[in-house]
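Asks: Given next are the chains, with one letter for each unit.
Number of protein chains: 2
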Amino acid sequence: MTERFSFSLLATDGRARRGEIAMPRGIVRTPAFMPVGTAGTVKAMYLDQVRDLGADIILGNVYHLMLRPGAERVARLGGLHDFARWPHPILTDSGGFQVMSLAELRKLDETGVTFRSHVDGSVHSLTPERSIEIQGLLDSDIQMQLDECIRLPAERAEIERAMELSLRWAERCRVAFGDQPGKAMFGIVQGGDLADLRQRSAERLAAMDLKGYAVGGLAVGEPQEVMLAILDETLPVLPQEKPRYLMGVGTPDDIIKSVARGIDMFDCVMPTRAGRHGLAYTRFGKINLKNARHADDPRPLDETSDCPAARDYSRAYLHHLVKTNESLGGMLLTWNNLAYYQQLMAGIRAAIEAKRYDAFCAEVTEAWAKGDMPALAG
Amino acid sequence: MTERFSFSLLATDGRARRGEIAMPRGIVRTPAFMPVGTAGTVKAMYLDQVRDLGADIILGNVYHLMLRPGAERVARLGGLHDFARWPHPILTDSGGFQVMSLAELRKLDETGVTFRSHVDGSVHSLTPERSIEIQGLLDSDIQMQLDECIRLPAERAEIERAMELSLRWAERCRVAFGDQPGKAMFGIVQGGDLADLRQRSAERLAAMDLKGYAVGGLAVGEPQEVMLAILDETLPVLPQEKPRYLMGVGTPDDIIKSVARGIDMFDCVMPTRAGRHGLAYTRFGKINLKNARHADDPRPLDETSDCPAARDYSRAYLHHLVKTNESLGGMLLTWNNLAYYQQLMAGIRAAIEAKRYDAFCAEVTEAWAKGDMPALAG
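In order, the protein sequences belong to chains Z and D. Position 201, counted from 1, in the first sequence is what UniProt numbering calls 201; the numbers after and before it change by one each time, with no gaps. Position 228, counted from 1, in the second sequence is what UniProt numbering calls 228; the numbers after and before it change by one each time, with no gaps.
There may be inaccurate statements among the hints.
No copy labels: a pair is met if it fits in one copy or bridges any two.
[As the list claims (entries may be wrong)] Simulated pairs of lysine-lysine, DSS-like, Cα-Cα distance not exceeding 30 Å: (1) Lys290 - Lys43; (2) Lys242 - Lys290; (3) Lys107 - Lys323; (4) Lys242 - Lys370; (5) Lys43 - Lys257; (6) Lys43 - Lys323; (7) Lys242 - Lys107; (8) Lys107 - Lys290; (9) Lys286 - Lys370; (10) Lys43 - Lys286; (11) Lys370 - Lys257; (12) Lys257 - Lys242; (13) Lys286 - Lys355; (14) Lys355 - Lys370; (15) Lys290 - Lys257; (16) Lys355 - Lys323; (17) Lys286 - Lys323.
No lab work stands behind these hints, which were simulated from the structure alone.
The following block holds chain Z by itself, in its conformation from the complex:
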């Protein structure tokens, strides 16, 4: 096992990249999808299952973990890997995004951000240095800089102010992180929907020679074309030899199109959240198990899947579990969805290696467009 964090490009097909991030806790095959383990648990899943599906890395949220159970407590208990029983790599976000979206009474200035917990109203502050300290206490393998992620649409001046602040915070995080050969701290490109600001952000971060780069502030409601255009404008500015992480993205379609533009890493709550709301991601597209058409359907979601949740349980049973709010419904659909996402990533990686990524995308897109199998005749 390697002692140093490193990234290798194993193959490319157009701008799509097949790579490997090596860390002391394991190898992450890229393009990679990171299941979201918000508070030290991927909701409705045993982490052993998540591993068995092929996940090399999961994500933890600093905002949630600093409030409960607390970063110092996790450190006393041996770090997040021991705490949650996930001995493989973990990426943590900086906490900034969720401070903006969940916390109350935020006050942001050059120093950092002060906020009230949405749980108990207690007051906390997060500076670039404290965010890195918390991520260190969690013993996170890939740590993210604190940034300011603003809502779009916004005025250019406001986008630029937040982008420049994020750059200054990136530098403070770089210093706070220091020299940790087995771990990485990633910078985050900001700049809203403005190409020149995105490029300036990417150039200045590239100059810091960080171990990886994320694109932030996307997948916050803008049309997919806007997101893809920003990737087209931004990624060429980032160094080829570093991993690129598109934060909070996305649908299967977002993922294949972003990989085509050179993204290596993704995280998103969609497969887990949708699973708890009766929605299944499949090779036939998204299926709503609440729909009455499934009530008498003995067929599984996808008999060709390796995942028991997709292969072994009837749609009628899944429909029943969803309609009666039984926890097994969320358990099975989350399992199915994470299995589908990991299968998609495995397919993406194989297609890049085989230099047939465009054909692969056309195939999966066609299958999604064709839609679900016809309902059984009544």
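Dock chain D against chain Z, hints included.
Replies: Relative to the frame of chain Z, chain D by itself:
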């Protein structure tokens, strides 16, 4: 595999019995605890896990299943075993108890009971014949007679009326069930807290020569001594060669004391419900994971357990999951609790075989009384 439902007594120790119920779908080792699978799912568990813990049989609730997904639908889908993916024996209740406790606008007469669904207000009726029909549609292996279970305390006249009605309904269920060699229909002893009524009920049911007998109307809030006294008065009247099922019971202490009196089968929501409310059943007694004493405790619930939920996860992590309402908390504690109940039943069975049942009860009771391991020094 046997073609006929049968019960064999393999060993006794005092009044405690070690037996085996043989059915086409499998053997049930008694004394047995049946996890409650209300609506075709044991909440927060995969049924494969339930099986792996040593459960030979689970329980389904007619009231829930007739409302959703509907008995005729389950029949079209191949029966409850296929629907829920549990190919082993299933016992179903008659629906009567939950009509009394959950439904609205009940109207009960000699014919049966009419009620409004607590789900959508729709009107349904349940007669002895319809209850058996529904249990047949579900393809239940052990079916229960429809009975009237009244609340205590009650006047003697009221207890007697309900007991006599239950006897007439037992006879109607016996006729409706007919001759099904591979399955069984059990009668239910009623009679409140009145010994002579309980004995009359038991005698009249015994005369019907049913394949098994339940004691109903207990564990509805009365002190444990009352329940045990009724068992002492009732069980000698029931035929030795038939299985005896104490419905809705109970705590581990209720179970060991009822086995000592000759009970063979139990069901109870306690281990599953408690698991979703942060409570763990262990050999140290019941542990409340919400308690702050666990917040920094790296020790598992019970390092000697075979169950991963008990052995591998820290109390600190379980505390965190419970406090943050993460579904994995309920999943792990339900798993732990059902594992503990099945371990207890295995211990009970081994102790009866070894003719050391009293000593076994003294040992487990002493361990419960001693309580949990001391908290870690702060």
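Asks: Now tell me if each hint is right for this structure.
Replies: Going through the hints against the structure:
1. Lys290 - Lys43: Classified as both; 20 Å inside a copy, 19 Å across copies.
2. Lys242 - Lys290: neither (43 Å within a copy, 44 Å between copies)
3. Lys107 - Lys323: between (42 Å within a copy, 28 Å between copies)
4. Lys242 - Lys370: Neither: 37 Å inside a copy, 58 Å across copies.
5. Lys43 - Lys257: Within one copy only: 27 Å inside, 39 Å across.
6. Lys43 - Lys323: Answer is both: 19 Å inside a copy and 14 Å across each meet the 30 Å cutoff.
7. Lys242 - Lys107: neither (34 Å within a copy, 72 Å between copies)
8. Lys107 - Lys290: neither (42 Å within a copy, 33 Å between copies)
9. Lys286 - Lys370: So Lys286 and Lys370 pass the 30 Å test inside one copy only (11 Å; across, 53 Å).
10. Lys43 - Lys286: both (20 Å within a copy, 26 Å between copies)
11. Lys370 - Lys257: within (19 Å within a copy, 61 Å between copies)
12. Lys257 - Lys242: Only inside one copy: Lys257 and Lys242 sit 19 Å apart there, 67 Å across copies, limit 30 Å.
13. Lys286 - Lys355: Answer is within: at 27 Å inside a copy they meet the 30 Å cutoff, but 59 Å across does not.
14. Lys355 - Lys370: within (25 Å within a copy, 66 Å between copies)
15. Lys290 - Lys257: within (29 Å within a copy, 45 Å between copies)
16. Lys355 - Lys323: The answer is neither: 44 Å in one copy and 49 Å across copies each exceed 30 Å.
17. Lys286 - Lys323: Only inside one copy: Lys286 and Lys323 sit 18 Å apart there, 33 Å across copies, limit 30 Å.
Consistency note: the structure conflicts with the earlier hints numbered 2, 4, 7, 8, 16.
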